Amino acid sequence: MLARNAARLMSGGMLVALSAVALVPSAYAQQAERRTYEIAPQSLDGALAAFRQQSGLNLLYRTDTVQGISSRGFKGRGSPEQVLAALLEGTSASFRKVGKNSFSIVIRPRAALTISSRSPSAAPRLTAQSVDPAAAEGGEPAEDIVVTGSRIARPRNDTPVPITVVGSADLANSAAVNLADLLQEFPAFGVGLGNANTFRSGDAGAAFVNLRGLGTNRSLTLVNGRRRVSGSSSSSAVDINTIPPSMIERVEIITGGASAVYGADAVSGVVNIITKRNTEGVELSARGGMSQHGGANNAALGFYGGTHFADGRGFINFGAAYTTSGRLRSRQRDFGQYRVATDANPANTGPNDGIPNQITLVNLNDTYVTYDANMFVGGKTYVYGANGLQPLGGKIVRPGSLGSVIGDTGASYADWIELRSPSEVISLRSDLSYEITPGVSAFLEGEFSKTYSKSLEQYYRFDERTIWFNGLGGPQIARDNIFLPASVGALMDANKLQKLPVRRAMKELGDLDNIHDRHSWTIVAGLEGKLVDRFDWRVSYQRGEYNDNFTFKNMLIGQNFLYSVDAIAGPDGKPMCRNAAARAAGCVPFNIFARDDLTQAQRDYFVRDRLQTIKNVQEVVSGQITGTLFDLPAGPLAFAVGGEHRREKLVTHDDGLSLSHAIDFIGLAVPRQPIDKGFTVNEGYGELRVPILRDHRLLGSLEAEGALRISDYSSIGRTTTWNAAGTWAPIRQVRLRASWARSVRAPNLVELYGPRSISIVNFVDPCDAPRLGETTNRRANCAALGVPANFRDTFVGTTVTSGGNPDLKAETSNSFSVGGAVNFGPLNASIDYFHIKLADAVTSFAADAIATRCVDAKTIDNIFCKSIKIDTDGSLIAINSSLLNVARQETQGIDFALDYARQVGPGTLRIGGTATLLLQLELQTDPNDPNTLVIQDGRFSNPRWLARQFAEYQIGRVSARIENQFISKSMIDPQASKETYDLPTVSARVYTDLTLGYKLGRTYTFRAGINNLLDVEPPFTASTYLGGGINGSAVRYDNVGRFFFLGVEAKF
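If you use mature numbering (1 follows the signal peptide of the UniProt record, and there is no 0), the sequence shown corresponds to residues -29 to -1, 1 to 1023, in order.
Wrong hints could be hidden among the right ones.
Listed below are the simulated DSS-like cross-link pairs for lysine-lysine, each with C-alpha atoms no more than 30 Å apart in a straight line [what the hints assert, rightly or not]:
| # | residue 1 | residue 2 |
| --- | --- | --- |
| 1 | Lys467 | Lys545 |
| 2 | Lys780 | Lys829 |
| 3 | Lys837 | Lys780 |
| 4 | Lys351 | Lys478 |
| 5 | Lys620 | Lys586 |
| 6 | Lys501 | Lys46 |
| 7 | Lys524 | Lys478 |
| 8 | Lys545 | Lys470 |
| 9 | Lys501 | Lys68 |
| 10 | Lys425 | Lys524 |
| 11 | Lys808 | Lys780 |
| 12 | Lys68 | Lys1022 |
| 13 | Lys247 | Lys68 |
| 14 | Lys586 | Lys648 |
| 15 | Lys586 | Lys780 |
| 16 | Lys366 | Lys470 |
| 17 | Lys425 | Lys586 |
| 18 | Lys780 | Lys840 |
| 19 | Lys648 | Lys425 |
| 20 | Lys351 | Lys467 |
| 21 | Lys829 | Lys840 |
| 22 | Lys586 | Lys247 |
| 23 | Lys366 | Lys351 |
| 24 | Lys366 | Lys467 |
| 25 | Lys478 | Lys545 |
| 26 | Lys366 | Lys478 |
| 27 | Lys524 | Lys620 |
| 28 | Lys780 | Lys620 |
| 29 | Lys425 | Lys620 |
| 30 | Lys501 | Lys247 |
| 31 | Lys940 | Lys808 |
| 32 | Lys524 | Lys648 |
| 33 | Lys780 | Lys648 |
| 34 | Lys648 | Lys840 |
| 35 | Lys648 | Lys620 |
| 36 | Lys366 | Lys949 |
| 37 | Lys620 | Lys837 |
For the record, the hints were derived by calculation from the structure and aren't laboratory data.
Quick caveat, the model's predicted, so the values are computed rather than measured.
With the sequences and hints as input, model every part of the structure.
What follows is the structure, encoded as structure tokens:
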């Protein structure tokens, strides 16, 4: 669908941008006469200070690095680039433009190895102090890149927290066509959401990051340091697939709490996507890939164009991208042909017998899910199909009506399970800036994306349970049904049945595709400039919207379907619906024992597509001032202060048939009551960077910094976050760092205002007299609640309300990191320890668990007792089982990074990588109950060791790059006993990728590569054999297999 429009949109956009590039003269040709400078020969530090004052531009450099260097000065008219080149002529310094109004000055150490980044496969360094190759263009050393890990600009090596920088070349060297698939390979990321695991959810086709494995809700995604509207139906997470890959310059990954700097949700860290700005010229790209075994093919087209205009006072760019990713079904892989699951081991004799409790079974299927009519009669399962009435074959594993069998039932999970869902994305972005006066500029940014994606659900099925069709249960076939086969009638007679429940999976309905047709857009407009020489200011307004038209295909209208199945012979002997009212409403008979295609009349009567619409809106008004207050002996005192007003809103609408429960389907089409809710937040923040020592003879250099943010939410009230950090460089080549942070996550709109449902639940009241002695505190707490000591539960049922909770408060976290980095010429290495503790995490409990936890606590002064209501006679009449702030999460580990480059023979060799040792990752839903502790570290979704390593060798125009991704051995369940599973461990995996590059002239770059070179399959266990599929947390394990890709780029 999108493919038909992609060419038009991209060709139109390219035409606009190409026209701009062709018609608007280059700034560098026309800007030469813009300003007159008079800078006398003097020290380089003084000359740069004079240039900064006369130009009004910002220079980033370390004053200690320019000591003892002289400048020839400059007198005359010229562009900033011409003047800087003259000031630096004859020195070991170079410059690079790093922003619209900023230049970075770098002094090249004599011993440093110069590595060109113009190679076709130049890639960012992957260390915790890594650098995008664009930052090193022209042979500049890596340490000059300016990062945005705070609102105070500084060279990357000066930051007190580790920052990983992933560049556009890293994406070019990968088979991935979107950023999400690439980031998932980095050790700092837990299992996020993307094409490999968002199917069977309301976010299929979207992609969300998950830093440190604490959840996508707790990782903040920014674009150029700004928030973006949520791209999810159920959270505040940002869909990173909406950013055009052709516009991405680099991605900065900051792990650890950062709420004081960037606001709520930055509990586990920040992913800041930096787009190309002030880059002149035109760039075109095309790439495509295919799997050796079929499925999951992908392709991408990209365009970027940018130019200065109006004598260099203005700049405009435009980028567009089209990406498509193909579907991969389980059936398309050898390891996905049959369902693998665990079931009770019949040989097990009890605990401590050395025999596994659960055994792994291949081709395990449900006895009650078949495409042919299925019946359970007289303790046996029968199937009526092309061969008439037959007992279900195979080896029965679990007997009974809802049993399981090893063998072919005619229906398999592999028929509908997806390993990757298909999607198409068109994304556009443009930036416009214009210098109104020498000290004031206006800017305008715009983004638009359109996504079309599908995900499969299991074929529509039903059985005799009342969970189907909103409590009506599956079809009951009467003895006089006109379609009843004689053999089935005889079976009913033999068992004296007048009605017979029939189970089926309705393959003839077609695929139950969940289709998302999304579009989102963001516009930012603002002004920025300088105040005197020390301060930069910026004010902006931003609005973004996300819209999702979510269609569930081929849903049954339950009551109509039951009317159609209940068919009898009419007066003329032809089939007709038994119910007269249904006949009058157009009921069309349906033969449940046949597998014929549905007629149009049948589809019109009992099949519908369900439509749900979701809209997220975000508005932000912000302003900030940054700069230096005054100079201290060790350097300038840098600061940033600002404020922000933000409004978030969620609007949802559901299909009328769904709201009336007419097209209920358990777990899939649960009715969603309309939501039209929002909140506002006003925030003020400040950040300070204090140099204490600079190149002290004995103590080296020492800096401290801190940040504070106060936020006032209309939904949860006031929150305060802070961070404090410091760096110490005893010598220039060694830098030690530490940071502490208090961060928050504000509950999102679904958590606050999600639709509530009411049900009646039966369970034994924990204050029932015979149960009072089960725990130490129960008797006293029941009495404190007013329950008589002789109270007996009458089992009349308790009213339970579930859904969103407007009384939720913010989650809070404390994080700490400490580590260091060394830089000895071509060698960069770092090691950092991290520890994050999260309290008041949002979670939910079953009704009986809430009642039990209330009376088993030390006193009744707890959050669970606030969720129940006791009647005057002591009976439990109501429970609010909505979301609560009670859980805790904790994680700690060690990050390692290494990067090394040197000349080897005629070429340049670069090796590097990152690794994470996970020491702890735990979730405890109730901190007062040790039985609720879930240990996640060492589990297959969170292995102890994750690593990514690369080696690259370049000779002239040719380059070769090999990457290895390592996933250590892990467990199915670290808390399970040794006897729980017959296959308790998940074997380690190494995935190897190879990329070759060739640069033709200065314009064209060609790449060819193979991902998963050795065609490694997912580990064989019931939880990981599909590498995702049913179990999305196993998505770390590649299930595509050997994958070939080609790409070409052209830069003009």
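Outcome of the hint check:
1. For the proposed pair Lys467 and Lys545, the alpha carbon gap of about 27 Å is at most 30 Å, so the pair holds.
2. For a cut-off of 30 Å, the pair hint linking Lys780 to Lys829 stands: about 23 Å separates their Cα positions.
3. Taken as a hint, the Lys837 and Lys780 pair is honoured in the structure, with Cα atoms around 15 Å apart against an allowance of 30 Å.
4. For the proposed pair Lys351 and Lys478, the alpha carbon gap of about 24 Å is at most 30 Å, so the pair holds.
5. Between Lys620 and Lys586, the direct Cα distance comes to roughly 8 Å. Compliance with the 30 Å bound is thereby established for this hinted pair.
6. Under the criterion of a C-alpha separation no larger than 30 Å, the hint pairing Lys501 with Lys46 is consistent with the structure, at around 24 Å.
7. Taking the CA atoms of Lys524 and Lys478, the gap is about 13 Å. The hint holds against a cut of 30 Å.
8. Restraint check for Lys545 and Lys470: the C-alpha separation of about 21 Å stays at or below 30 Å, so the hint holds.
9. For the hint linking Lys501 to Lys68, the alpha-carbon distance of about 17 Å falls within 30 Å, and the restraint holds.
10. For the hint linking Lys425 to Lys524, the alpha-carbon distance of about 10 Å falls within 30 Å, and the restraint holds.
11. Taken as a hint, the Lys808 and Lys780 pair is honoured in the structure, with Cα atoms around 17 Å apart against an allowance of 30 Å.
12. For the proposed pair Lys68 and Lys1022, the alpha carbon gap of about 19 Å is at most 30 Å, so the pair holds.
13. This hinted pair checks out: Lys247 and Lys68 have alpha carbons roughly 12 Å apart, not beyond 30 Å.
14. With a CA separation close to 11 Å, the supplied pair Lys586 and Lys648 stays within the 30 Å bound.
15. A C-alpha spacing of about 24 Å is found between Lys586 and Lys780, which places the hinted pair at or below 30 Å, so the restraint holds.
16. A distance of roughly 28 Å separates the Cα atoms of Lys366 and Lys470; the hinted pair therefore holds under the 30 Å criterion.
17. Simply put, Lys425 and Lys586 have alpha-carbon atoms about 19 Å apart, close enough for the 30 Å limit, and the pair holds.
18. The hinted pair formed by Lys780 and Lys840 meets the criterion: a straight-line CA distance of about 21 Å does not exceed 30 Å.
19. Straight-line distance between C-alpha atoms of Lys648 and Lys425 comes to about 28 Å, which keeps the hinted pair within the 30 Å bound.
20. For a cut-off of 30 Å, the pair hint linking Lys351 to Lys467 stands: about 15 Å separates their Cα positions.
21. Only pairs whose Cα atoms come within 30 Å are accepted, and Lys829 paired with Lys840 is accepted, the gap being roughly 19 Å.
22. A hinted pair counts as satisfied when its Cα atoms are at most 30 Å apart, and Lys586 with Lys247 qualifies at roughly 29 Å.
23. Between Lys366 and Lys351 the alpha-carbon distance is near 13 Å, which keeps this suggested pair within the 30 Å criterion.
24. The straight-line distance between the Cα atoms of Lys366 and Lys467 is roughly 28 Å, inside the 30 Å bound, and the hint therefore holds.
25. For the suggested pair Lys478 and Lys545, the alpha carbons sit about 26 Å apart, so the restraint of at most 30 Å is met.
26. At roughly 24 Å between alpha-carbon atoms, Lys366 and Lys478 fall within 30 Å of each other, so this suggested pair holds.
27. Restraint check for Lys524 and Lys620: satisfied, since their Cα atoms lie roughly 28 Å apart, inside the 30 Å limit.
28. With a C-alpha separation of about 18 Å, the suggested pair Lys780 and Lys620 falls inside the 30 Å cut-off, and the hint holds.
29. Proximity of Lys425 to Lys620 is assessed by CA-CA distance (about 26 Å); at most 30 Å being required, the pair is judged to hold.
30. Of the pairs offered as hints, the one joining Lys501 and Lys247 holds, with about 22 Å between alpha carbons and a cut-off of 30 Å not exceeded.
31. Only pairs whose Cα atoms come within 30 Å are accepted, and Lys940 paired with Lys808 is accepted, the gap being roughly 26 Å.
32. Under the criterion of a C-alpha separation no larger than 30 Å, the hint pairing Lys524 with Lys648 is consistent with the structure, at around 28 Å.
33. Only pairs whose Cα atoms come within 30 Å are accepted, and Lys780 paired with Lys648 is accepted, the gap being roughly 17 Å.
34. Between Lys648 and Lys840 the alpha-carbon distance is near 27 Å, which keeps this suggested pair within the 30 Å criterion.
35. Note on Lys648 and Lys620: the hinted pairing holds, with a Cα-Cα distance of about 6 Å set against a maximum of 30 Å.
36. For the hint linking Lys366 to Lys949, the alpha-carbon distance of about 27 Å falls within 30 Å, and the restraint holds.
37. With a C-alpha separation of about 29 Å, the suggested pairing of Lys620 with Lys837 holds against the 30 Å cut-off.
Figure legend: structure checked against the earlier numbered hints; every hint is met.
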